[in-house]
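Chain order of the listed sequences is X and C. Here the first sequence is numbered in the working numbering, starting from 266 and rising by one per residue. Here the second sequence is numbered in the working numbering, starting from 266 and rising by one per residue.
Worth double-checking, as some hints may not be accurate.
In this list, chains with the same sequence are indistinguishable; a pair is considered to hold if it fits within one copy or across any two.
What the hints assert, rightly or not - The calculated DSS-like cross-link candidates involving lysine-lysine, where the alpha carbons are at most 25 Å apart (straight line), are:
(1) 544 - 572
(2) 277 - 480
(3) 330 - 275
(4) 277 - 307
(5) 503 - 571
Just so you know, the hints here were simulated from the structure itself, not pulled from any lab data. All values derive from a computational prediction rather than experimental measurement.
2 protein chains.
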Amino acid sequence: MNLEKGILNKDKRAAARLITMMESNDPEAIRIISKLYSHTGKAKVIGITGPPGAGKSTLTDKLAKRLRQENKTVGIIAVDPTSPFTGGSILGDRVRMTDLYTDPGVFIRSMGTRGHLGGLSKATLGAVKVLDIYGFDYIFIETVGVGQSEVDIVKAADSVLLVMVPGLGDDIQAIKAGIMEIGDVFAVNKADREGANRTQVEIEMMLEYNHSQWKPPVTQVVALHNKGIDDLYDNIIKHLNYLETTGQLIEKRQQNSELEIIDLIQRDLMERLVGNEEKRTTISEMARMVANRQLDPYTVSDNLVKKIIANDNF
Amino acid sequence: MNLEKGILNKDKRAAARLITMMESNDPEAIRIISKLYSHTGKAKVIGITGPPGAGKSTLTDKLAKRLRQENKTVGIIAVDPTSPFTGGSILGDRVRMTDLYTDPGVFIRSMGTRGHLGGLSKATLGAVKVLDIYGFDYIFIETVGVGQSEVDIVKAADSVLLVMVPGLGDDIQAIKAGIMEIGDVFAVNKADREGANRTQVEIEMMLEYNHSQWKPPVTQVVALHNKGIDDLYDNIIKHLNYLETTGQLIEKRQQNSELEIIDLIQRDLMERLVGNEEKRTTISEMARMVANRQLDPYTVSDNLVKKIIANDNF
């Protein structure tokens, strides 16, 4: 299969193959995406995140269907935790509704969070580019919203939907609070549960500290019963229009590109550091001395950095 | 206050001050820890993690009390998500039992997860060293166990206690599975709830894929009612003894030091990259061209890395 022609001719197998190649950091995939990069930038990218159990998958599916009613095509990237034993993603497609799969205007892909060097973000951002080149009108990136993944999602998305839910415990509340700042649009899902109004008020109170021009709207929804989806959809579109009319969309994309470039540089430097047998041996020997308290890690790091950086200007 | 003398004389204020300085990446704290690094290595470091809502804080407190019965001193570092609005840690000490605070043999410190460059791990590992220099027999690092923090905890701990809980949703199960491999000892907390036996069996089934010599024991506990704590304590001590008698403790610490050195180098390189105004401007300009699809991020990154790395051998 000619992947370059395939992706330009809207062949979903080519898209799937390129994403798989990005997952294994295949240079050929990077070469193809680089070459076709001028085809990107047309899709609107929406990040969907929130605490575990908030019902993000169901809500994503309903929003995708809402977009299909407008005849828009949708690519969905679902980022799942990776099993250390099987190496595959755990939730996989198990919890997703199946009827979207047979819709030719929809593409769904689960990606694992494999790779401790932050493989998530390079592969995920690569997948977004693949779906953008393919020509999807909207791309959803859905993550279990805890930890570094929220930060990563911000790097890729034009607009971030934060999905909250009433009545979770302290830890969850804390996680929730830790990601509040990245939400452009908020949903309180499972709003037929007790405490939905209180959750909405809590979110709105936290957002009072936010002094930007855009006031993130908070919508109560019951994704499972398709309640409130129209309102939420309207708010997402409103935010995207706001970004475009104020010129903030290109600004945001520039910031995202900056974060991506920094991430790529960091990753490349690390690969040079730990991917090289000889260097790895030097570090191991130093580590042995650190473990034996003959050296301290700060001094070791300082000395190695000085050796790596010969030219501090670029 | 002379911090160097203070920490060697078991002054808790000196410990607290040094940890605060590590949180703000103060070079003076690093200088002091480097200088006193030969005093580290005596404490046993135990990582405690698990999904949100598993009752980690309560369990940590009970284990600390159990160690106090043996006349051992305990330092506790509780890593909480940071509020983007207040900048402070959210859970803070709010949910912790108070009577440990008045125990002179116990030190409790909450640390936020601030810093997108992974400030967590440098500050947390620094805090562990501070408490080790101080002379605590045991150091607990407790984290809300989701995302990168589990990986970071492994970098610092001799032994990792994974706290599970019966009857959580799909997302939680997935997160749980994503961190299974890092557990040396398992607790099923809130074991008076329905499904505790099933959870135990599930964990044991997953552990069958683990072919290392040490078989992680799974203990049912009800931390709130102090049930099962003795058994869990015995299993933790058993694992620490196992590490020592097999020579794996020093091996593990060497691996941890290696990860720490790599993390420090990575952090230093990134600070040079994004902390320098001129370089940051270069990257911004490139990012603008990427956002306008004149350049692709992969080519930009490649070119910048070549300029940074002048000497590829060390």
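Do the hints match the structure? See the list:
no. : hint      : in the structure
1   : 544 - 572 : both (11 Å within a copy, 20 Å between copies)
2   : 277 - 480 : neither (37 Å within a copy, 44 Å between copies)
3   : 330 - 275 : within (20 Å within a copy, 63 Å between copies)
4   : 277 - 307 : within (18 Å within a copy, 57 Å between copies)
5   : 503 - 571 : neither (50 Å within a copy, 42 Å between copies)
In this structure, the earlier hints numbered 2 and 5 are contradicted, and the remaining ones agree with it.
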